[in-house]
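Number of protein chains: 4
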Amino acid sequence: MGMVGGGQGAFIGAIHRIAAQLDNQIELVCGAFSSDPDNAVASGKALYLEESRCYRSYQEMLKQEALLGDDKRMDMVVIVTPNFLHFPIAKMALEQGFHVMSDKPATVDLAEALALKDIIEQTGLLYGLTHTYTGYPMVKEAKARIKQGQLGKIKKVVVEYPQGWLANKNDENSKQAAWRLDPKKSGISCCMGDIGVHAANLAEYVTGLSITELCADLSTNVAGRLLDDDGTVLLRFNSGAQGTLQASQVSIGEENSLKLRVYGETASIEWSQLEPNTVLMKFADKPSQLIRAGVGEMDKITQANMRTPAGHPEGYLEAFANIYTQFSYQIRDRLFVDINASDANNSDLNTHDKAAINDVPGIESAIRGMAFIENVVAASQSEIKWHPFSLKPQKITLLNELDKG
Amino acid sequence: MGMVGGGQGAFIGAIHRIAAQLDNQIELVCGAFSSDPDNAVASGKALYLEESRCYRSYQEMLKQEALLGDDKRMDMVVIVTPNFLHFPIAKMALEQGFHVMSDKPATVDLAEALALKDIIEQTGLLYGLTHTYTGYPMVKEAKARIKQGQLGKIKKVVVEYPQGWLANKNDENSKQAAWRLDPKKSGISCCMGDIGVHAANLAEYVTGLSITELCADLSTNVAGRLLDDDGTVLLRFNSGAQGTLQASQVSIGEENSLKLRVYGETASIEWSQLEPNTVLMKFADKPSQLIRAGVGEMDKITQANMRTPAGHPEGYLEAFANIYTQFSYQIRDRLFVDINASDANNSDLNTHDKAAINDVPGIESAIRGMAFIENVVAASQSEIKWHPFSLKPQKITLLNELDKG
Amino acid sequence: MGMVGGGQGAFIGAIHRIAAQLDNQIELVCGAFSSDPDNAVASGKALYLEESRCYRSYQEMLKQEALLGDDKRMDMVVIVTPNFLHFPIAKMALEQGFHVMSDKPATVDLAEALALKDIIEQTGLLYGLTHTYTGYPMVKEAKARIKQGQLGKIKKVVVEYPQGWLANKNDENSKQAAWRLDPKKSGISCCMGDIGVHAANLAEYVTGLSITELCADLSTNVAGRLLDDDGTVLLRFNSGAQGTLQASQVSIGEENSLKLRVYGETASIEWSQLEPNTVLMKFADKPSQLIRAGVGEMDKITQANMRTPAGHPEGYLEAFANIYTQFSYQIRDRLFVDINASDANNSDLNTHDKAAINDVPGIESAIRGMAFIENVVAASQSEIKWHPFSLKPQKITLLNELDKG
Amino acid sequence: MGMVGGGQGAFIGAIHRIAAQLDNQIELVCGAFSSDPDNAVASGKALYLEESRCYRSYQEMLKQEALLGDDKRMDMVVIVTPNFLHFPIAKMALEQGFHVMSDKPATVDLAEALALKDIIEQTGLLYGLTHTYTGYPMVKEAKARIKQGQLGKIKKVVVEYPQGWLANKNDENSKQAAWRLDPKKSGISCCMGDIGVHAANLAEYVTGLSITELCADLSTNVAGRLLDDDGTVLLRFNSGAQGTLQASQVSIGEENSLKLRVYGETASIEWSQLEPNTVLMKFADKPSQLIRAGVGEMDKITQANMRTPAGHPEGYLEAFANIYTQFSYQIRDRLFVDINASDANNSDLNTHDKAAINDVPGIESAIRGMAFIENVVAASQSEIKWHPFSLKPQKITLLNELDKG
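Residue numbers (the working numbering), protein chains in the order written: chain A, 1243 to 1647; chain B, 1243 to 1647; chain C, 1243 to 1647; chain D, 1243 to 1647.
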């Protein structure tokens, strides 16, 4: 793979590199690691890459790699830049014939995501989106149990994602804070675009339901900010189930506390990212069950995403790696027609199968994510309580424009 | 004290009796324990009361007791009936010269609560309301720390109260379910009236803030029910702080999971009723603190509401007892002018003082509680997002009327 | 009941009074609350007792009460003094015709406990011992499940009881520390006598097994102390099961962290006093179960010791009260021949039956407890690893005697 | 690196490969993955290795690699075979000029470990041992705080390591169970050799103390086993501190529950492998602190072993990787003289320094580990309570020999 962004000083690039290579199925062979050409090259060399493949810009990388032979050139491009660059890079990468794995949110707005879908369909290439939290084995276990009907009809979904890292003015000095709070680089939302979209994705992924209506209350809690840093959203799903979603970057003391609860007719399920190897299942009339990774029977897809036996905790990097590794199987599937024929080559993963491979978030998740962001912002700006969830671009007023008004 | 309601087969009556007498400051001397006269008398006898004071109706009790001498007759009446009887009993009790302790919600609607306030003011008697959860020592510790400014300005309040005991149709058979789901006995709300009001009270009690605006989404999740069994409310407080309140009786597997989180500028605080002896305090840049009852310095009011040293868990009954015991000191304060003079008589409680005594929820809490219920239901029926919190009775459409439409 | 000890300034007396009266089955009618006659009388008056029954010494109380009529005099004596007084008071109380409830450990040494047994048998009266922790409903639930065979044959028992309140020299200033560290008042052990004996009792109570052999390592961690303040004991039980017991008063930061784990062939069970309403049950090949008080079916004895529904935590005082209330039924059983006939009189407890009543720790527990203390101290003084558990008084060298050597 | 053992069907080999390569500092270039030559080659090919470097035996690998040029041949050998092969492989590897990283326990007995030390000293090469649990960042944080004196003088160490995977006869069918229970392959202990040694290492590592005396009680809980599957050890440390160590493979329902508690004069510390990103610190007179990875200031060595920000849990594989990555810096240090000069090349790790690099367990840990195993078994066979901890090989009777007697 080749990487765009993630040079020295960036945080998420290093995470992506560890995740992509963790299962020994993907190799970083080139990169354009920074918008600063010198830093881009220096970053690549620090990663032990061939100097000729430490590119000075993503355009250069995509053009040069396309000229290399099949056995040499990268198979896929990983995009780990600020949001506003996701679309142009993905577009050019696909057009040059490379599969794409993108950090989320997929694009800077919904219109771009819809355009991206067209390009993907035209090129016939693969596209993956790192909704990392769906990569956790026990998230997959929760999904499997719901799919099997262990909860009965779902009544209510409660998802929350509090963080505290932007609680105060002086938290804005980091590089990561700077672009996230800048509408030009981040899009129309900070909190909902950065983490609310993870929460919405997790809720839909685990339940298999789709949001159809919402009521939103976004807020900006520090003077001078142009984008939201906190929000609560009431939800209605296509099955009639209801839900609530809370996300915050100003909840002081909270680390990265994504938590999901799903209540059905006969049981409920709870999962928390801070202790990701446990699912708690509760019933009306019998003891709750602590379902621990590797203890008792696990779903086939869960197993395909685990590396260690019970009691040896896997974490965030492994969840991340699951998305990459399954995506690598998608690519190999293309290359070798039948993945089953190459089973012998993958001894380090417990198992893998079509269902696990197809579990990687793709362009549909990307579009729903961008639609979520736009619908939430639009709903928040409305005085009417309920807002229909639409897959069409929304009309939105930017905060600084409001301030002028 | 004398009790109205709480006869054989009732749950909450026994709880009140234990709580009231736990600190040896209050004695049950009479009662009208049931609307069924025979059951009323039998229940009283089973409690070892004098037969002559096992009354057949509350009217009889109030009249007869009023005729007894000062040294003999009860000082206060405890009301543990279904909601619709709270007001008439409290009214008659006050008019007959008795202090009143009432189960919550105070009345069946806001108009009654306002009328009750007038009667209290006219009679000059004492009125208490068993918002039990504010009786927990560590809730008081959280309040004290917020009051001292340990959190800085409050930004956000998140309170949730999920239960699962009314999740399904067949859960409606119990006596307790029956009247709570009957608008004639319960008022215009089931879930919000029964537990949402606790959550709102807890949020206002701990933070010292007042709700000024709300957006509500109530729902009824089982066919045939006339009242809400679940709801989410977005909140605005008088300081500008925001909040969310969730209450549910259909969240299967949840026991009685009242939980409060308050986020300030410099710290946040978390308390959960299922593990009531701990407050978790979190900060941006240093380790979280597990503040445990009795470990380290506790606020004076916290101490006045504890009986055991660290590591000897107190529970729900002790929280309940705190409200009764402090109320008994209010009464004694009236009787003996200066409570401090009688300190020697109260060796079983660590300490007590005016601040702790005045901490008992009274008619103001009662009115805000009834206003909360009416405003939430009105807000839920509105298509407009935000609804101002008003202390005036609200215009509300009952669900069964809607169904006819 | 009448109380000996527990006057103003004492901690445990107030706990006993709340516990004894919590279920409205026992009434405190008299007392000799202090070895200081003036304090004894003042303490009684502060508890609203008749002045004539606020006695100046236990001898006076026992003699005077014995002269009162059947309908007036106390039924039972509660002993809450330092250890060395337990035996003489219990002896005189029994000889004067009163049932006895004693704080633990039962006596100051094993010889006294054996003598006490003779007196009890001669008088035919009832004797109870407040091994409080066995009063917790979920401890009883654990016992019931083991008895039912849900764990299979027991392999291993791990019990630990760390406290930190005597960690340092300056912790010795309290009244409670002073007598516990004084061999004349406390007996031959501080840590094992005060809390180790609770741990041993809990292990035997829950498993139904008996200790037959032990290896002990007691230590004294603060200069100048004559008795142990920490210890670990390896155990063998009559079934062949093994175990470990740890108790400590110098484990800084620990509150009162009694915890029991029992491992069988097919399942294991875990209970912790700091969160007493949960039993965790684990299996080899299926999810662990969080068994919560009131959720799902509970054993009949468990139910007989609960007052609140699921999610309304009961605590230490309720566990304590269970011992008193069941003991009161034992007494009433004597008085009325058949307890079932008086069921109607006990509406405030869920249920009660012979099995629950007989669950109160008595003289056999008392003897095993004193034997545990003596055997542990003897084993600790031995250079040989294993020491047989004997019900005969042990030969022990006191630390200060050793120092002379 | 080259690997010995860890072929298809083995568990720990895959773990080592992920760990070694996670930080992109080490590359697997060859291997002799199985004692079955065909499986060895097939396993290597499945890992995408050059066919010429998929060796048929470790002897072949060591000889052939030694013949390759400096820029091509492996730098280090990783040994992941059953215990009895550790020594001969390490010996030959060192003699052929390769650094060695070995799975634990280092050798099959103490004599071998002592011999290994001589070889290491003679060759001047590097030797590392994967005591994985010391690789956790929060274990290092606990160690740092103790070193800084935050606990005062240490009084007591409590370490426990219960597992349940060998609880019953039918658990013996797995490959991993088979060799661990075979004295010829495993050495003189199963439970203590496999996990007790981790617990002892953790206790010494975190506290900086050394065991000087012990009293042991090992047992075998399933008929037909020749080695221990459970044990408790009482400890004395060189500072006079005391301790207990429990390890078990028959505690049904336990996963891999390594837990350490250290009690000092002024504070205590607690860490649990199942939730490895938290250290709990307790005090006598102020709230406990939940020290979470990445929240607040961390020690420099802790930071050097973290990859993710607060709230993004790292797990077992990352702890494992820390040992490998720091070891790779040791090697590089040798190659480039001054590691600081190559800082620019290591952008993916937060930082690294001499202290962190020297934190890798080496031959001294290996010798103490083997001595622990032998001393524990010898102590367990003694009828005398206390056994001095010695670094000389112990005289031990094997269980099957006992059976013959």
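Some clues are possibly wrong.
No copy is singled out in the list; a pair is fine if it fits within one copy or between any two copies.
Derived lysine-lysine pairs resembling DSBU-like cross-links, with alpha carbons at most 30 Å apart [claimed, not checked]:
id : residue 1 : residue 2
1  : K1395     : K1637
2  : K1333     : K1395
3  : K1305     : K1333
4  : K1395     : K1528
5  : K1389     : K1287
6  : K1411     : K1634
7  : K1359     : K1287
8  : K1427     : K1501
9  : K1417     : K1395
10 : K1333     : K1542
11 : K1634     : K1528
12 : K1528     : K1542
13 : K1542     : K1417
14 : K1501     : K1395
15 : K1427     : K1389
16 : K1596     : K1287
17 : K1528     : K1501
If you're looking for bench data, these hints aren't it; they were derived computationally from the structure.
For each hint, the structure was consulted:
1. K1395 <-> K1637: neither (35 Å within a copy, 34 Å between copies)
2. K1333 <-> K1395: For K1333 and K1395, neither the intra-copy (40 Å) nor the inter-copy (46 Å) Cα distance is at most 30 Å.
3. K1305 <-> K1333: Cα proximity of K1305 and K1333: one copy only (13 Å, versus 51 Å across).
4. K1395 <-> K1528: both (19 Å within a copy, 24 Å between copies)
5. K1389 <-> K1287: neither (47 Å within a copy, 38 Å between copies)
6. K1411 <-> K1634: neither (35 Å within a copy, 40 Å between copies)
7. K1359 <-> K1287: neither (34 Å within a copy, 38 Å between copies)
8. K1427 <-> K1501: Close inside one copy (28 Å), not across copies (37 Å); limit 30 Å.
9. K1417 <-> K1395: between (44 Å within a copy, 27 Å between copies)
10. K1333 <-> K1542: Neither. Shortest intra-copy (35 Å) and inter-copy (42 Å) distances fail the 30 Å Cα cut-off.
11. K1634 <-> K1528: For K1634 and K1528, neither the intra-copy (45 Å) nor the inter-copy (44 Å) Cα distance is at most 30 Å.
12. K1528 <-> K1542: both (26 Å within a copy, 16 Å between copies)
13. K1542 <-> K1417: between (41 Å within a copy, 23 Å between copies)
14. K1501 <-> K1395: For K1501 and K1395, both the intra-copy (21 Å) and inter-copy (26 Å) Cα distances are at most 30 Å.
15. K1427 <-> K1389: Neither. Shortest intra-copy (38 Å) and inter-copy (41 Å) distances fail the 30 Å Cα cut-off.
16. K1596 <-> K1287: Classified as between: cross-chain Cα gap 24 Å, same-chain 37 Å, threshold 30 Å.
17. K1528 <-> K1501: Both ways: K1528 and K1501 sit 23 Å apart in one copy and 23 Å across, limit 30 Å.
Of the numbered hints stated above, those contradicted by the structure are hints 1, 2, 5, 6, 7, 10, 11, 15, listed in ascending order.
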